[in-house]
Amino acid sequence: MLMPAVELHVHLEGTLEPELIFALAERNDVELPYTDLDDLRSRYSFTDLQSFLDLYYANMTVLRTAADFADLTNAYLARAAEAGVRHAEVFLDIQAHTGRGIPAAEVLAGVTGALGASEREHGLTSGLIVTFLRHLPGSEALAALEEILALDVPLLGVGLCSTELTSHASEFAPAFDLARANGLRLVAHAGEEGPPQNVTDVLDILKVERVDHGVRAMEDPAVVERLVRERVPLTVCPLSNVRLRVVDTIADHPLRAMLDAGLVVTVNSDDPAYFGGYVDENLRQVTEALDLGPQELTTLARNGVAAAFVDDARRQELSAEVDAWAAGVRQTS
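Residue 295 in the UniProt record's numbering sits at position 295 of the sequence shown; the count goes up by one each step and never skips.
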């Protein structure tokens, strides 16, 4: 019985499957440095975050038009629905596209058009979070946000992603301040490859409402205590953490310890086309490796609902779906 999931940490560009890469390359007359699908898949072995990012940015060059972005978005939504996702808040790395000459309006037309039809076409609700790239200057994040706000497109929030090792959260405070002033929700990657202090920084400086990843917060009991006390959600991505060498194996993942500590953790796919699985596969693997039972899985599902940026009516609908699923699981276990 598939758990009704809320996906809060997925990069749209990270859902770009090899087959779609080749299809879009042909459509847009882009020459790829891979001979075939197997050659491309053979590159999906990463030593750290940067080795993944190099391939991630290279592959997205096939995305050129609004139609390309709509096709990518619809492909993710269809696969997410199959994985049991009932609501998705999708990250878009807008600067990775504008930086190679694709107008923001073109990108956003394709993405928001598909997301706007997600309930009708795929049976799940959705929202868009534009993520700024941490390896670029904070001033560019601010300029990107100003351009997006002028376009007046449906936007749920803003985030911060890419490597934690090249900048400080304070560089992005002006962009996050502007987002907050415009009623946008705030999230940021922290505590993935960077130390627990990075988690504290995005909370104190950027005033984020959710922390993406956050697994290394477990290294500092004081940070854990604060996250528990303030009920800050952590959008954890187990398969990503294994593929990028944050942990050695799924069995080594701190997810169960995080649950036991009282942290508000959720399970997400991050970049599923690269890391070996969507939400359902992430849940399957942590369930088996960490011996999670119905109680832990129900907690994960309810955490996702609680952490979602939805209105009260939608939250009640999602909660009812989780309750019905949990009751069914109890009857069969």
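If you are wondering where the hints come from, they were derived from the structure by calculation, not from laboratory data.
Quick reminder that beta carbons are idealized off the backbone N, C-alpha and C, glycines included.
Certain hints may be false.
Label pairs and their in silico Cβ distance ranges [to be verified]: (1) D312 <-> Y44: 39 to 47 angstroms; (2) A324 <-> S42: 38 to 46 angstroms; (3) A257 <-> E317: 28 to 36 angstroms; (4) D252 <-> D204: 24 to 32 angstroms; (5) T249 <-> D204: 44 to 52 angstroms.
Structure-based check of each hint:
1. D312 <-> Y44: 39 to 47 angstroms: Once the Cβ atoms are compared, 41 angstroms apart, the range 39 to 47 angstroms for Y44 and D312 holds.
2. A324 <-> S42: 38 to 46 angstroms: 43 angstroms, holds
3. A257 <-> E317: 28 to 36 angstroms: 31 angstroms, holds
4. D252 <-> D204: 24 to 32 angstroms: 30 angstroms, holds
5. T249 <-> D204: 44 to 52 angstroms: 33 angstroms, violated
In the structure shown, a violation is registered for the earlier hint numbered 5 alone.
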